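Undergrad: Chains as they are written, first to last, in this note's numbering: chain A, 1 to 474; chain B, 475 to 948.
What the hints contain is simulated information worked out from the structure, not anything from laboratory work.
Values in this document were obtained by computation on a predicted structure and should not be read as measured data.
Please note that the accuracy of each hint is not assured.
Computed far set for chain B versus chain A, every beta-carbon distance over 10 Å [claimed, not checked]:
1. Ala515
2. Asp700
3. Asn737
4. Thr802
5. Phe851
6. Ala867
These stretches of chain A come out as covered by chain B in the derived footprint (C-beta under 8 Å, 3 or more residues) [said to hold, decoys possible]:
7. 38-46
8. 232-243
9. 317-328
10. 410-422
For glycine and all other residues, C-beta sits at the position ideal for the given N, C-alpha and C.
The lines below spell out each chain.
Protein chains: 2
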Amino acid sequence: MSTQQVLDWLQTNEEQSIERFMDWLRIPSVGTDSKHDADTAKAADWAADHLKASGFSVEIKPTGTAEDPGQPIVLATSPGDADYTGPHVLFYGHYDVQPADPIELWESAPFEPIRKPAEGAMGERIVARGACDDKGQVMMFLEAMRGWYESTGKPGGGVKYTVLLEGEEESGSVNLERFVEDNKEMLSQTDVCLISDTGMLGRGKPAITYGVRGLTYLEVILTGPDQDLHSGLWGGRVPNPINELVKVLAQLWDQDRKVTIPNFYEGVRDLKDSERKEWESLGVDPVKALQGIGMPAEANVGEKGFSAIEREWARPTCDLNGIIAGYTGPGAKTVIPSQASVKLSFRLVDDQDSERIAESVIAWFHERTPPGCTWEFINHGGGAPATCATESAPLQAAFRAIGKACGIQPAMIKSGGSIPVAGLLKTTVGLETIFMGFGLEDDRVHSPNEKFELDCFRMGAKSHAALVEELLNS
Amino acid sequence: MSTQQVLDWLQTNEEQSIERFMDWLRIPSVGTDSKHDADTAKAADWAADHLKASGFSVEIKPTGTAEDPGQPIVLATSPGDADYTGPHVLFYGHYDVQPADPIELWESAPFEPIRKPAEGAMGERIVARGACDDKGQVMMFLEAMRGWYESTGKPGGGVKYTVLLEGEEESGSVNLERFVEDNKEMLSQTDVCLISDTGMLGRGKPAITYGVRGLTYLEVILTGPDQDLHSGLWGGRVPNPINELVKVLAQLWDQDRKVTIPNFYEGVRDLKDSERKEWESLGVDPVKALQGIGMPAEANVGEKGFSAIEREWARPTCDLNGIIAGYTGPGAKTVIPSQASVKLSFRLVDDQDSERIAESVIAWFHERTPPGCTWEFINHGGGAPATCATESAPLQAAFRAIGKACGIQPAMIKSGGSIPVAGLLKTTVGLETIFMGFGLEDDRVHSPNEKFELDCFRMGAKSHAALVEELLNS
Numbered sequence: 001m002s003t004q005q006v007l008d009w010l011q012t013n014e015e016q017s018i019e020r021f022m023d024w025l026r027i028p029s030v031g032t033d034s035k036h037d038a039d040t041a042k043a044a045d046w047a048a049d050h051l052k053a054s055g056f057s058v059e060i061k062p063t064g065t066a067e068d069p070g071q072p073i074v075l076a077t078s079p080g081d082a083d084y085t086g087p088h089v090l091f092y093g094h095y096d097v098q099p100a101d102p103i104e105l106w107e108s109a110p111f112e113p114i115r116k117p118a119e120g121a122m123g124e125r126i127v128a129r130g131a132c133d134d135k136g137q138v139m140m141f142l143e144a145m146r147g148w149y150e151s152t153g154k155p156g157g158g159v160k161y162t163v164l165l166e167g168e169e170e171s172g173s174v175n176l177e178r179f180v181e182d183n184k185e186m187l188s189q190t191d192v193c194l195i196s197d198t199g200m201l202g203r204g205k206p207a208i209t210y211g212v213r214g215l216t217y218l219e220v221i222l223t224g225p226d227q228d229l230h231s232g233l234w235g236g237r238v239p240n241p242i243n244e245l246v247k248v249l250a251q252l253w254d255q256d257r258k259v260t261i262p263n264f265y266e267g268v269r270d271l272k273d274s275e276r277k278e279w280e281s282l283g284v285d286p287v288k289a290l291q292g293i294g295m296p297a298e299a300n301v302g303e304k305g306f307s308a309i310e311r312e313w314a315r316p317t318c319d320l321n322g323i324i325a326g327y328t329g330p331g332a333k334t335v336i337p338s339q340a341s342v343k344l345s346f347r348l349v350d351d352q353d354s355e356r357i358a359e360s361v362i363a364w365f366h367e368r369t370p371p372g373c374t375w376e377f378i379n380h381g382g383g384a385p386a387t388c389a390t391e392s393a394p395l396q397a398a399f400r401a402i403g404k405a406c407g408i409q410p411a412m413i414k415s416g417g418s419i420p421v422a423g424l425l426k427t428t429v430g431l432e433t434i435f436m437g438f439g440l441e442d443d444r445v446h447s448p449n450e451k452f453e454l455d456c457f458r459m460g461a462k463s464h465a466a467l468v469e470e471l472l473n474s
Numbered sequence: 475m476s477t478q479q480v481l482d483w484l485q486t487n488e489e490q491s492i493e494r495f496m497d498w499l500r501i502p503s504v505g506t507d508s509k510h511d512a513d514t515a516k517a518a519d520w521a522a523d524h525l526k527a528s529g530f531s532v533e534i535k536p537t538g539t540a541e542d543p544g545q546p547i548v549l550a551t552s553p554g555d556a557d558y559t560g561p562h563v564l565f566y567g568h569y570d571v572q573p574a575d576p577i578e579l580w581e582s583a584p585f586e587p588i589r590k591p592a593e594g595a596m597g598e599r600i601v602a603r604g605a606c607d608d609k610g611q612v613m614m615f616l617e618a619m620r621g622w623y624e625s626t627g628k629p630g631g632g633v634k635y636t637v638l639l640e641g642e643e644e645s646g647s648v649n650l651e652r653f654v655e656d657n658k659e660m661l662s663q664t665d666v667c668l669i670s671d672t673g674m675l676g677r678g679k680p681a682i683t684y685g686v687r688g689l690t691y692l693e694v695i696l697t698g699p700d701q702d703l704h705s706g707l708w709g710g711r712v713p714n715p716i717n718e719l720v721k722v723l724a725q726l727w728d729q730d731r732k733v734t735i736p737n738f739y740e741g742v743r744d745l746k747d748s749e750r751k752e753w754e755s756l757g758v759d760p761v762k763a764l765q766g767i768g769m770p771a772e773a774n775v776g777e778k779g780f781s782a783i784e785r786e787w788a789r790p791t792c793d794l795n796g797i798i799a800g801y802t803g804p805g806a807k808t809v810i811p812s813q814a815s816v817k818l819s820f821r822l823v824d825d826q827d828s829e830r831i832a833e834s835v836i837a838w839f840h841e842r843t844p845p846g847c848t849w850e851f852i853n854h855g856g857g858a859p860a861t862c863a864t865e866s867a868p869l870q871a872a873f874r875a876i877g878k879a880c881g882i883q884p885a886m887i888k889s890g891g892s893i894p895v896a897g898l899l900k901t902t903v904g905l906e907t908i909f910m911g912f913g914l915e916d917d918r919v920h921s922p923n924e925k926f927e928l929d930c931f932r933m934g935a936k937s938h939a940a941l942v943e944e945l946l947n948s
């Protein structure tokens with residue numbers, strides 16, 4: 001029994017696969033909205049039933065507390081062949097979806113999935129909330145599992161899988177951390193994490209994402225006078241919290257656009273020459289990317305000494321994400337406000353420590369307290385960066401699987417974004433994560449008219465199918 | 475005929491004066507609110523009638539255009555004695571009042587004035603919108619004029635006055651500039667401007683304000699990408715408008731808290747040693763003032779080399795009055811926004827030029843344009859600073875008048891605030907302005923439960939009465 005038979009099964013049964021996929025999409029599993037709790041539970045049950053039908057042992061695990069229950073976690077396992085020597089794979093995904101708002105911008109109902117021709121390309125797409133993120137990407141895995149089971153009678157085709165599908169990814173995975181902590185022993189049995197929730201390098205260009213950045217997110221509030229003041233009577237006599245805040249914030253970066261927080265770069269791995277060359281060879285054009293957001297070539301700036309792709313994938317950053325103080329309505333008001341506040345976040349790379357960075361940042365602000373003023377800090381959380389060694393056996397298996405299934409070598413890429421579950425699994429149970437995702441930049445994830453190309457869906461299902469054989473042989 | 479007889483008249487007729495004052499306060503002349511246009515016109519007529527009853531020749535002048543009419547200006551004149559050799563005085567005031575909102579915080583109806591005992595002090599106060607700003611302060615002058623007319627039969631007691639009362643002071647005096655321009659010749663006949671719209675040094679401490687600061691107010695918007703971006707995918711690859719804006723804004727001040735805009739201090743008059751000494755002798759305690767706004771002594775910071783009072787009265791400043799960009803709601807959002815904007819204002823002193831400063835500031839920002847970004851500027855206007863020479867004869871007359879009327883030498887003070895009409899009259903018709911105001915810091919001007927102490931009202935009316943004799947003798 002080989003992959004080819006499963007690929008044939010996938011092709012022969014594609015209409016049914018798509019019907020199943022659309023059934024799942026019809027369930028409005030908006031995990032963040034308690035009005036949809038019954039739907040969210042239904043979507044979990046739906047995934048559980050699918051996995052059961054593919055021979056998996058399945059449990060639905062409640063999360064949260066009696067007073068504040070969370071969305072259930074679907075936990076499924078395949079035993080693996082008796083002689084299986086490959087890695088025990090933890091497949092992570094989520095069955096909750098973003099809210100559909102703004103509903104009026106949808107061209108079709110978000111929870112009534114439709115098939116329609118893909119613009120300017122062959123093939124079709126599915127349009128619905130969750131079509132890509134993450135039901136569509138999870139469905140590729142589920143259908144590959146079904147194909148192997150129906151073709152061989154063996155759950156997971158003989159590979160030892162643990163499948164963990166959560167229902168709170170879009171609302172911050174608030175109960176996942178505790179679940180992982182509580183199930184540390186069980187999760188420690190697994191060898192590597194596999195996630196399909198990332199993108200390809202471009203249309204028809206599959207990719208493995210072998211690293212994501214971590215995050216530290218703080219809100220900082222500076223308080224000066226206990227009331228708003230008239231800037232005529234007080235201007236020049238008292239520290240103005242806006243003046244003072246911008247003077248402190250401007251010190252976050254030096255002339256080379258490096259972050260100035262002491263020890264900030266501690267642990268940052270040096271870029272290998274081989275990586276630099278590989279990334280350069282991907283042919284990603286930073287100027288074209290800037291054009292896409294209305295900016296000229298000269299806007300290609302960032303930390304000195306690194307290309308755009310290096311800055312996104314391998315270097316930490318500091319961005320102010322929001323700032324507000326004083327009068328912000330129309331016209332003029334001559335006020336010195338009592339407070340000024342800013343939200344700032346740091347994207348982190350291996351092996352920076354998110355919590356230590358938060359502490360360093362807070363200490364840094366305290367060293368710069370304007371006269372007579374006070375700081376307040378709110379830590380909005382974050383997560384560890386996660387990089388998988390490119391030479392790791394499971395990653396190499398995935399690399400080969402995609403190559404065989406798609407007939408094209410996948411690009412080895414990283415992402416500047418953050419997928420906190422990867423950092424969580426790394427720091428809690430020491431797992432590395434392989435991101436095998438098939439999304440496209442224009443899939444409108446989190447936006448109205450979210451879609452997933454059936455071409456991408458097929459590549460993903462075939463790749464997951466091919467990965468089984470690679471794992472069996474490893 | 476001497477001041478004493480007019481002072482006697484004021485005392486004898488005080489109840490009627492207060493009744494008249496309260497009648498005027500009952501008219502809700504909220505100039506900025508077109509629903510109150512009839513009330514505003516009525517308040518103008520009321521003032522006109524009062525001036526007519528005091529022998530003045532009065533006109534009501536429409537302002538604005540046929541399509542966009544403004545509030546009327548009350549223009550009244552007294553001819554002056556045939557042998558009058560003193561200055562032709564332009565008395566400026568306004569009969570419009572601030573809106574009463576938030577109405578629920580008023581302890582009595584804002585347009586139903588009441589007399590009540592003053593807290594912790596002898597005497598009474600009037601509580602109503604406009605009680606101090608500016609009907610109460612104008613009323614002091616009007617009753618002094620009435621007293622002289624009823625005592626002597628001569629309008630203005632023989633002094634040559636032009637009285638200009640506008641109805642748009644609280645909404646930016648939008649039509650006054652044009653009125654002044656159109657009536658330049660008439661206004662050029664006057665020698666000095668007299669305004670009662672400022673405060674005393676404290677309870678029982680009358681003062682002449684001989685200077686106010688000017689203002690330049692700009693809004694600056696920095697645009698980077700043409701859309702909000704994901705800070706994971708773009709952080710480090712593109713200029714973040716918030717990062718870039720704070721880096722530029724922080725350069726507005728140097729280590730000594732001086733403004734760094736080139737030529738900003740051009741024209742700033744050096745502080746005279748005599749002024750420094752006089753101001754120090756006023757005994758204003760900056761630390762006590764800071765305590766009143768919840769700040770410790772160390773918050774007494776500002777431009778190096780100057781005391782708090784010097785910084786407020788004699789030095790220009792730059793304050794950020796509002797800033798907004800990115801995500802400012804609860805929690806976290808990892809966004810790089812398309813735009814960031816700030817409102818900033820400069821308080822100016824003689825002889826800085828408000829318009830030239832605006833140009834310098836805009837040029838300064840342009841020299842600091844972040845890569846690929848663009849600036850947009852909105853000029854919210856401003857006004858010239860205005861300082862009256864302390865040795866000027868009319869100011870000395872006012873000084874003597876207050877001293878005689880109140881039995882206490884007035885303090886000679888300045889204000890850090892801006893009264894644009896003074897700058898307008900200075901730049902358009904070359905007039906200096908004397909501010910002879912009797913407000914107290916706790917009069918809750920612009921706030922609910924605005925009040926005016928009858929003690930202050932009496933001091934003001936008596937001082938205006940005494941000023942007539944000083945002018946007749948000058």
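Undergrad: All hints are to be evaluated individually against the structure, with a verdict given for each.
TA: Hints, one by one, checked against the model:
With a least CB separation of 25 Å from chain A, Ala515/B remains clear of the 10 Å interface cut-off, as annotated. With a minimum CB-CB distance of about 3 Å to chain A, Asp700/B fails to clear the 10 Å threshold, and the non-interface call is violated. Listed as outside the interface, Asn737/B is consistent with that label: its C-beta sits roughly 19 Å from the nearest C-beta of chain A, beyond the 10 Å cut-off. A Cβ of chain A approaches the Cβ of Thr802/B within 10 Å, the least distance being about 4 Å, so the stated non-interface status is violated.
Against chain A, the non-interface label of Phe851/B holds: every CB pair exceeds 10 Å, the least being about 13 Å. The Cβ of Ala867/B sits about 28 Å from the closest Cβ of chain A, beyond the 10 Å cut-off, so the non-interface label holds. Counting residues of the segment 38-46 of chain A whose CB lies closer than 8 Å to any CB of chain B gives 0, which falls below the minimum of 3, so the coverage claim is violated. For a cut-off of 8 Å, the count of residues in the segment 232-243 of chain A with a CB near a CB of chain B stands at 11, and the three-residue condition holds.
Counting residues of the segment 317-328 of chain A whose CB falls under 8 Å from any CB of chain B gives 12; the rule of at least 3 is met. Given as covered by chain B, the segment 410-422 of chain A passes the check, having 4 residues with a CB less than 8 Å from a CB of that chain where 3 are the minimum.
Taken one by one, the earlier hints fail for this structure at numbers 2, 4, 7, listed in ascending order.
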